[in-house]
Amino acid sequence: MLTGLVMVMVLLGLRLKNKNIQGYLALAGLAAALLLAIGADRTTGPIFFGTVEVDPLSQFFKVVFISVSLIVVLAGLSRYKDSPAQDEFYILLLLATIGMMVVSSAVDLLTLWVGFELASLSTYAMAAFDRERKNLEAAMKYFIFGSVSSATMLFGFSLLYGLTGTTKIAEVAAASMEMMGPATLVALLFVVAGFGFKMALVPFHMWAPDTYEGSPTIVTAFLAAGSKKMGFVAAFKVIFIALLALRMEWFMAFAVLVALTMTLGNIVAIWQNSVKRMLAYSSVAYAGYIAIAFVVVGAVNNGGFDIDVALGGIAGSLMLILGHAFSKAGAFIAVAVVGYMVLREGKENSDDIEHYAGLGRRAPITAFCMLIFLFSLSGIPPMAVFWGKLMVFMSAIHAGLVWLAVLAVLNSALSLAYYLRVIMYMYMKEPAGEKILEPRGYVLAMVVALVAVFYIGLFPQAFVDFAYSAAAVLLH
Amino acid sequence: MMDNAISLMIAVPLLAAIVAFFFGRGAKYAALIGSLIPLVISLQIFREFDRTTNAMQFVESYDWVPAIGVKYTVGVDGIGLPLILLTTIVTVLVVVYSWGETKRSNQFFALLLLNEVGVLGVFAALDFFLFYIFWEVVLIPMFFLVGVWGGPRKDYAAVKFFIYTHVASLIMLLSIFALYFSYRTPEGLRTFDMMTLLAATGDSTIFSPMALNLIFFGLLLGFLVKMPAVPFHTWLPDAHVEAPTAGSVLLAALLLKMGGYGLFRIIMPILPNVSPNYITLMAVIGVVSIVYGAFLALSQKDLKKMVAYSSVSHMGYVLLGAGALSILSVQGAMFQQFSHGLITCVLFMSAGTIQHIAGTRIISELGGLADRMPQFSVLMLAGFMASLGLPGMCGFVAEVSVLAGAYENLPVYVLITIFGGIVVTAGYHLWAMQKVMFGPILKKYLDLKDPHSYEILSMGILILLIIYFGVQPATITDIMGVAAEPLVNPFLTLAQTGVI
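Chains as they are written, first to last, in the working numbering: chain A, 1 to 476; chain B, 477 to 976.
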C-alpha cells in the first residue's frame, strides 16, 4: 500500500506544476512505486481495518500494473506533449493504476469492488480521451458493458454476503465450505458472469474488440495489458479463495468458456485487416489461455487435491499475465507509432495492415520491436510469453486435461498465421512511403518493453519463483 | 582446451550476428570471422575428442529455471559431433558463397549466423527443454531468409514452412511434457535432462504402453516432418524452390539433419522400450522416401526442384539405415547425414549459380554451358557424380554401408526395390547434367563466363572435402561407429531372447 501512497502524493504534486513536467513527474512517481513494489517486504499483515493486505500475489500484480502504466506514460510523453489536456491524462492513468493496485491487495469483497470501480471509471474516461467519434463510441460501449458487469458482480457479492454474513474473502471461503445451496450457485453464476465480462471471455467479449479498436491506441495498450489483468486478479481471489469449495461447479463452466475463448479469439483474429483489431482479438484468445488456470485448479479435485498441479497452473497463468502485459503493451505502442505516421501523411484507416508494408525500412526500431513482441505473443522462445504458455500447457497436461492442452497448442500454432502476416508486411513488402522519424517517447516505451520481454525470457527463474509464491497465497 | 568450448562455439556466432546487423556494409567480414571462430573451435573439439567411448564429452551444465527443472546442459558424443562439424564447415562456405549479396546484406549475414546458433544448439543440447528452444529458434532465420530474399512465391513458401514445421514441433513438445511429468528423479524432482528421461522410458512401472506409444509417435512426427520423410515432405519443395541459394543450402545441409539427429538421439533409444517392431515402420518409410523421392526428382523440369526432391530421396537412406539395425547400417546412416550435407551444398550452389548466370533453372531451356563455364562445370559434374554415388566420394561410402547393413537384416525384395530407386537416381542426375552442361551451346548463352571466384572457391572446397571423406571416411566414421553400438545393442539382446 505504500506504493499507493507514493502515487497519491505524486497526484497532488501534479496539480501544481507546469504542464509539460507532469508527465515526467508521473514517470518518477511510477518508477518509485515500482521500486517499492519490488523491494518492499512482501508479507505485511492486513492493514486499513483488515481490508487490504500486502502479499506476494498483490505485489506480483502491482509490478505488472505499474510497469504497464510506466510504459504508457513514456508513450504519453510523445503523444500528449503540449496538449492542454495532458494533466487529466496522467491523473486518470494514475488513478486507474491505484484502483488496480487496490484490487490486487484487497482481502474484502467491498474494497475489491471499490478499487474495481475506481479503475473502471478512470479508464472509461481515458477511452474517450481524444474526443473523436470513434473514441466516444468505444467509450460508450465500454461504459455500458462495464457498468452492467460491475452490477452483476456486485449482485453476486451481495448474495454471498447475504449467505455468509461477511465480506471478508477468507471468511466467505470458510462459510462456503459448509453450506451449499441453490443460492450459492446463483451467486457463483453472477460472479462468473461479472468477471467474464472484465476478463473478456467468450461470450462476454463483445465489447473488447470495439473498445480496443476505438480508443486512443496508447489507452488501448493500458486497457489490454493492464486493466484487463485486474479482472484476473479479482477473479483469482474471489473464485480460488472464496469459492474454492464450489470448484466442481465452476470447473465445467470454465472449461467450456476457455475452449470457446481461445478458439474463437484466434479464428476471428485471422480475418482482421486492422492490426489493432487483430491484436484485440488476440487479447481475447489470451484471456482464454490465462483462464486455463481455473480449469486446471477445478480439475485436480478428482482423487484428492494435488496442490502441486494447482500451483503450477496458477503460477503459469501469472507468468502469462506478466509476459502478455509487456508484449501486448509494446505491440499496441508500435501500432500507435504507425498511426502517428499515417496521420501525418493525411491518410485514413491508420490501423489497416496495408500501412505496415515495408515498415522495416520506414521505421526500423518500431518494426523490430513489433517483430519481437509478435514472436513473443506467438510463444516462440526465448521471449517472455513463451514461459507462461509453457507452464500453463504443462499444468494442463499434468492435471490430465490432455484435450485442453492439445487444443491450446493448436490454437497457439493457429495464432502464428496472423502474427506472421503482420511480420511479412513489415519486412517483405515494398515500403509505401518515406522513412520517418520515430517519436522519442514511443521508442523509449517500446525499448523498455523489449528489454523486459527479453529479460523475462532469458532469466525467468526469479519471476517464476515470484509467481509460485504468489500462487501459494491463493491456495491457503 | 577450455571447459566452455561448446558454449563459446554457440555464443560467438550470436555476438557476430548482432555485430553484423549493426555493421552495414562490412557485415560480411563480421560474418566470415564470426563463422570461422566456431569452425576452429569445433575442429579443436574434434581433435581432443576421446574416440574410444560413447560417453558425453565437453559437458557443461548450469541451472537455468530450477523451479521447473530446466537446465542449460550441452555436450557432444559421436552422434552430435560430426553434425556440429558439418554445421561450422557449411556456414563458413555459405558465407563465402554469398559474398556478393547486396540486398540488405547486414540482415542477410546476421540471419546466416543466427541460423548457425540454432543448429549448433540443437546438436549440442542435452536438456529436452533447451533442445526444443534451439529447435524453434532455427525457424526464425529461415523464415526470413525465404520470405525476404526468396523467389516469386516466397510469402506462401515462408508461411507454409513456418507453420508446417511449427505444428510438428509443438506436437513434439507435448510428448516432451508427457515424458517430463511421468518421471521424478530419486530426489523427487522433475527434470528435463535428456539422458535421464530417455533411460527412464525403459521402466515399465512409470510408463504404460499406451502413454509410451503416444509419446513416441509425437516425437517421431516432429522428426519425420523435419527430415522430411514421405508423406510429410510437401513443405520442402516450396521452401527450397523459393529460398535464396544460401537459404536452400542451409535448409538442405543443416535443417534436414536436425530431423535425422533426433532419430538417433531420441527415437532409437526409446524404440526398444516401446515396441521393437516399429523399426520396420521406419525402414518402410525410408524405402518409400528413397524410391518415391527419386521418381519425383526424375519428373521435375526445374533444376532446383529436382535437387530438392533428391534430398527427400537421400534422407530416406538415413531412415533405412536406422531401420536396418546393424551397427554398419546405423553408422552408415549417420555418415549419410554428414555426406549428404556436403554434397547437397554443391548441388544447390550449382542450381543457384546457373540461375543467376543463365537467368533460368528450367532444364529444357539450358544447354552446353560447359563450353563457356569450364571451371564451374567440372565442380558441378563432381557434385552430381557424388550425389548419384560415384565410388571414391563420400556419398558412395555412406549408401553402401547402409545397403550392406540392410542386406544382413532385411528381406531381399526390399533391396531390389531400392536398386530400382538407385537406377532412377543415376538417371535423373545424368540426364539433367547432360542437358544442362553438354551438347552444343545455345546461341543465347554464348556470352556467359565462369561465376565469381568466391562461388568457385566454396564449391571447390566442398568437392575436396567430399573426395577426402570418400577416400578416408574413417576419419569421422570411427566415432559414429562407437556411438552406433549402444543404439543397436538393445535390439540385438531382444533378438537373442526371441522377442523380435
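Don't take each hint at face value.
Derived pair list, reagent style SDA-like, types lysine to any residue, alpha-carbon separation capped at 25 Å [unchecked claim]: (1) Lys636(B) x Leu437(A); (2) Lys429(A) x Val613(B); (3) Lys435(A) x Ser658(B); (4) Lys579(B) x Arg361(A); (5) Lys636(B) x Ile616(B); (6) Lys579(B) x Pro382(A); (7) Lys920(B) x Thr973(B); (8) Lys429(A) x Gly627(B); (9) Lys579(B) x Glu434(A); (10) Lys134(A) x Asp82(A); (11) Lys579(B) x Leu437(A); (12) Lys920(B) x Val876(B).
Partial list, computed: chain B residues near chain A (C-beta under 8 Å) [unchecked claim]: (13) Phe522; (14) Tyr538; (15) Gly545; (16) Phe638; (17) Met686; (18) Ala687; (19) Leu688.
For each label pair, taking beta carbons as the anchor points, the in silico distance ranges come out as [stated by the list, open to error]: (20) Thr836(B) x Glu354(A): 40 to 48 Å; (21) Ala472(A) x Arg660(B): 19 to 27 Å; (22) Ala675(B) x Glu354(A): 50 to 58 Å.
In case anyone wonders, no lab produced these hints; they're calculated from the structure.
Source: prediction; values computed, not measured.
Backbone N, C-alpha and C define an ideal beta-carbon position, used for all residues, glycine too.
Original post:
Quick one, are Lys435(A) and Ser658(B) close enough, alpha carbons at most 25 Å?
Top reply: 54 Å, violated
Original post:
Keeping to a limit of 25 Å between CA atoms, is the pair of Lys429(A) and Val613(B) held or broken?
Top reply: 23 Å, holds
**OP:** Below or equal to 25 Å on CA atoms is what counts here, so check Lys636(B) against Leu437(A).
**Re:** This hinted pair is violated, its Cα atoms lying about 34 Å apart.
Original post:
Within a Cα-Cα threshold of 25 Å, do Lys579(B) and Glu434(A) meet the stated pairing?
Top reply: 18 Å, holds
Subject >> Hint status (Cβ of Ala687(B) to nearest Cβ of chain A, threshold 8 Å) >> reply: 10 Å, violated
Subject >> Proposed interface contact between Phe522(B) and chain A, which counts if any beta carbon pair is under 8 Å >> reply: It is violated, given that the least Cβ distance between Phe522(B) and chain A is near 28 Å, above 8 Å.
Subject >> Given pair status - Leu437(A), Lys579(B), alpha carbons within 25 Å >> reply: 23 Å, holds
Original post:
Regarding the pair Lys429(A) and Gly627(B), is the alpha-carbon distance no greater than 25 Å?
Top reply: Answer holds: Lys429(A) to Gly627(B) is near 13 Å, not above 25 Å.
Subject >> 25 Å Cα cutoff - pair Lys636(B), Ile616(B) >> reply: 13 Å, holds
Original post:
Can the hint on Leu688(B) be confirmed by a CB-to-CB distance to chain A that is less than 8 Å?
Top reply: 15 Å, violated
Original post:
When you check the alpha-carbon spacing of Lys579(B) and Pro382(A), does it fall within 25 Å?
Top reply: 28 Å, violated
**OP:** Take a quick look at whether Lys920(B) and Val876(B) sit within 25 Å of each other, Cα to Cα.
**Re:** Roughly 42 Å separates the two Cα atoms, so the pair is violated.
The structure fails hints 1, 3, 6, 7, 12, 13, 14, 15, 17, 18, 19, 20 (numbered hints given earlier, in ascending order).
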